[in-house]
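**Student:** Given next are the chains, with one letter for each unit.
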Amino acid sequence: MSVPVSGPLGSELAEAVAQARLLVVGAGGIGCELLKDLVLTGFSNIDVIDLDTIDVSNLNRQFLFQKKHVGRSKAQVAKESVLQFYPEANIIAYHDSIMNPDYNVEFFRQFTLVMNALDNRAARNHVNRMCLAADVPLIESGTAGYLGQVTVIKKGVTECYECHPKPTQKTFPGCTIRNTPSEPIHCIVWAKYLFNQLFGEEDADQEVSPDRADPEAAWEPAEAEARARASNEDGEIKRVSTKEWAKSTGYDPVKLFTKLFKDDIRYLLTMDKLWRKRKPPVPLDWAEVQNQEKSVPDQQNESSSVLKDQQVLDVKSYAHLFSKSVETLRLHLAEKGDGAELIWDKDDPSAMDFVTSAANLRMHVFSMNMKSRFDIKSMAGNIIPAIATTNAIIAGLIVLEGLKILSGKIDQCRTVSGNKTLIVKEKFAMVAPDVQIDDGKGTILISSEEGETEANNHRKLSDFGIRNGTRLQADDFLQDYTLLINVLHSEDLEKDVEFEVVGDAPEKVGPKPSEPTSKNITNGSDDGAQPSTSTAPDQDDLYIIDSEDEGHSSNADEAENKSLKRKLEDKECVSTKRARMEQTEEQDEIIALD
Amino acid sequence: MRASRVLLVGLRGLGAEVAKNLILAGVRGLTMLDHHQVSPEDTRAQFLVPAGSVGRNRAEASLERAQNLNPMVDVKADPENVESKPEAFFTQFDAVCVTCCSRDAMLRIDHICHKNGIKFFAGDVFGYHGYAFADLGEHDFVEEKTKVAKANSPAVEDGPGAKRAKLDSAETTMVKKRVRFCPLKDALNPDWSSEQAQAALKRTSSDFFLL
Chain S
1 MSVPVSGPLG SELAEAVAQA RLLVVGAGGI GCELLKDLVL TGFSNIDVID
51 LDTIDVSNLN RQFLFQKKHV GRSKAQVAKE SVLQFYPEAN IIAYHDSIMN
101 PDYNVEFFRQ FTLVMNALDN RAARNHVNRM CLAADVPLIE SGTAGYLGQV
151 TVIKKGVTEC YECHPKPTQK TFPGCTIRNT PSEPIHCIVW AKYLFNQLFG
201 EEDADQEVSP DRADPEAAWE PAEAEARARA SNEDGEIKRV STKEWAKSTG
251 YDPVKLFTKL FKDDIRYLLT MDKLWRKRKP PVPLDWAEVQ NQEKSVPDQQ
301 NESSSVLKDQ QVLDVKSYAH LFSKSVETLR LHLAEKGDGA ELIWDKDDPS
351 AMDFVTSAAN LRMHVFSMNM KSRFDIKSMA GNIIPAIATT NAIIAGLIVL
401 EGLKILSGKI DQCRTVSGNK TLIVKEKFAM VAPDVQIDDG KGTILISSEE
451 GETEANNHRK LSDFGIRNGT RLQADDFLQD YTLLINVLHS EDLEKDVEFE
501 VVGDAPEKVG PKPSEPTSKN ITNGSDDGAQ PSTSTAPDQD DLYIIDSEDE
551 GHSSNADEAE NKSLKRKLED KECVSTKRAR MEQTEEQDEI IALD
Chain G
1 MRASRVLLVG LRGLGAEVAK NLILAGVRGL TMLDHHQVSP EDTRAQFLVP
51 AGSVGRNRAE ASLERAQNLN PMVDVKADPE NVESKPEAFF TQFDAVCVTC
101 CSRDAMLRID HICHKNGIKF FAGDVFGYHG YAFADLGEHD FVEEKTKVAK
151 ANSPAVEDGP GAKRAKLDSA ETTMVKKRVR FCPLKDALNP DWSSEQAQAA
201 LKRTSSDFFL L
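For the record, the sequence lines run as chains S and G.
Letter 124 of the first sequence, counting from 1, is numbered 124 in full-length UniProt numbering, and no numbers are missing.
Letter 156 of the second sequence, counting from 1, is numbered 156 in full-length UniProt numbering, and no numbers are missing.
Keep in mind that the hints were calculated from the coordinates and are not lab data.
A portion of the hints provided could be inaccurate.
What the hints assert, rightly or not - Below, a list of computed lysine-lysine pairs in the DSS-like style, where the Cα atoms sit at most 27 Å apart:
no. : chain 1 : residue 1 : chain 2 : residue 2
1   : S       : K67       : G       : K76
2   : G       : K115      : G       : K185
3   : G       : K76       : S       : K68
4   : S       : K404      : S       : K155
5   : S       : K279      : S       : K166
6   : G       : K115      : G       : K177
7   : S       : K259      : S       : K279
8   : G       : K145      : S       : K346
9   : S       : K346      : S       : K308
10  : S       : K346      : S       : K377
11  : S       : K346      : G       : K176
12  : G       : K119      : G       : K76
13  : S       : K377      : S       : K336
14  : G       : K119      : G       : K185
15  : S       : K377      : S       : K259
16  : G       : K145      : S       : K377
17  : G       : K177      : S       : K346
Kindly produce the complete structure, drawing on both the sequences and the hints.
**Tutor:** This is the structure:
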């Protein structure tokens, strides 16, 4: 039974939709929502690819999967679930990595549209390049907590995913945390998970033990599925929660240490494929560590407590700290009575000690330089869980952008952020900005007074007579922060710059280059140069292009978190978000987990 | 949320999405109420009714796939018409969400909810347009706010000490707040002659008047 879906689409678009062939890369959080939305919109020819298998932690948001599917291929099960409510859908599922050379440019050329629903930078870069090579429009997206965003990438029309350098990735797949950490932050996240597994509320999303179902560990995707099933069945039989296990040993620190930093590491070493291109981890033995010479000179112990936090200690000291904090936390837990749970709080000394020592020991095992308590505290403080409805919203937006492309309105496509706010709020992290044109007339663009300039939100900068070289004065009285923004417009496209910034292409010519950034030096000055893209004629609204899985917060509190608390007076050049990210990296980094 | 019982009225596209989100999040119980039968258009509007359900009651047809989303939620289907439900029916719920409802029915239900301290949500979708409304009565909640660190005047402090004090004070406090929501009746009938309303008018999307 095929029901005409035109309805709000109109027959021409409905026809295009029915004929279109789509590629959806990823069948996880966004992927599930996206598949559902696409099918209900009338798309019936969809290829979906995902190298991963279903894990129990996925079930709270990847709604096409149920408990009975754990261990099976995500792409395959997603297809089956969709067929349950729309049997006529023509879906091809691939349990494979999109980076497999089989999926060459010819493969990509088959598609009308490609949509990303990925969780890592490498795959995104790869798909970006393939789509450019095949000249197929790509809709890129990402989510982090309550924030998310959608971007359309089309060769020759918009900039591509790699046009601007991206800040450090903030979401980490489970297998990176559990099996192959390569950066301190992975170890810190692991340590926080460990805290919850041992003392707090256990969460399936926060597994710390080695992941046998790691797709990278298998030589063939089918093998991964078999491993996943095996580990799932094993788990059913022997499933003792980490907390129960720890309790049964009386939270013995030495036993814990041995399991986490020796036995589990040895287990990881048996998954040889993981270590072909990586430095393998080195297990720690408790007794050996105890026999080590203390490498931290004693005199440092006498320095004031203010500096101690910034010291990096040696392995023996961290082992000792680990043992001590486990003891203390065990006591806290016992005090609270049966079935009690501790809540992680970065300001609780023993909780922080625990994470500091556990993270550092893991870093050492994986040959990373250990960090001071101070650094770890900064990084550990901000972690955001995944939220199902964010994925739902973003998936909906992806479909809307897709429809625009199909109706030939790619010039109307714009980067949509999860929270719409004006540039000054994100880029310059202002909370209550006032922006006026610095032309003597003091025309006000944005007012901190609520509601006063809301009508301006949808108007173009050119409406206000803003042209090349116009200066805008932005200040935030709450933060005591003033900025002079130079709006630049450039007609020339430099030879090595291939892509322009998103904007409306005027009907007369081809995509009119409005590329200001390369002229504007400073790294990531693209961000501040956003106003300049809007000065191109027939320009689009002031929407921001941002890093892949970061959305924006219009929430004042979040903006406060991100801002630097320093005074900037009459800063003439455009300030850059990226520069700020680097500086604030230690403090206010927000880290999200998928 | 884990203890709440929610009533969801209308299982068309919007209703199905709401059901999915609530069930995945994990409420205590969700009752899906809909007296309509599944039409061919419905099968293209929502994903809970399996193929071959045309003619069945919409709520009942959606039940199985909805329950499968999260076995821990007590999901029920009710095939009756919401307009025939007495006040006592609604008081068993902590929150009510209505879709596909006539204006009068919504006003009546909001009135009952408001009176009984039940959270009320309404929404609907028309092609590319849609709306959502919430009446949470007198709503108390807690918000996490960061304490904005005051810029330290350099004065006497030695370098590293002062700097660290500033950076470390990113503490958060929980702030209690109370917001009073206006009932649906008032939302639909604002007095446009008042100054306040006129200011608000500028911000109001034209969609509001479509309702």
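**Student:** Please verify whether G/K119 and G/K185 have alpha carbons no more than 27 Å apart.
**Tutor:** holds, 15 Å
**Student:** Checking one constraint from the list: CA of G/K115 to CA of G/K185, max 27 Å. Satisfied?
**Tutor:** holds, 13 Å
**Student:** G/K145 and S/K377: Cα distance at most 27 Å?
**Tutor:** holds, 19 Å
**Student:** Taking only the CA atoms, is the gap from S/K346 to S/K377 under or equal to 27 Å?
**Tutor:** The hint holds at about 7 Å.
**Student:** Hinted pair, alpha-carbon criterion (27 Å max): G/K115, G/K177. Please report holds or violated.
**Tutor:** holds, 21 Å
**Student:** Below or equal to 27 Å on CA atoms is what counts here, so check S/K404 against S/K155.
**Tutor:** holds, 16 Å
**Student:** Take the C-alpha atoms of G/K119 and G/K76, compute the straight-line distance between them, and say whether it is at most 27 Å.
**Tutor:** holds, 19 Å
**Student:** Between S/K377 and S/K259, does the CA-CA distance stay at or below 27 Å?
**Tutor:** holds, 25 Å
**Student:** Holds or violated: are the alpha carbons of S/K259 and S/K279 at most 27 Å from each other?
**Tutor:** Given pair S/K259, S/K279 holds - Cα atoms ~21 Å apart, limit 27 Å.
**Student:** Is it true that the CA of S/K67 sits at most 27 Å from the CA of G/K76?
**Tutor:** holds, 20 Å
**Student:** Within 27 Å, alpha carbon to alpha carbon, are S/K279 and S/K166?
**Tutor:** With a Cα-Cα distance of about 26 Å, the restraint between S/K279 and S/K166 holds, given a limit of 27 Å.
**Student:** Has the given pair, G/K76 with S/K68, been kept, meaning a C-alpha gap of at most 27 Å?
**Tutor:** Holds. G/K76 to S/K68 sits at ~22 Å (cutoff 27 Å).
In summary, the structure agrees with every hint in the numbered list given earlier.
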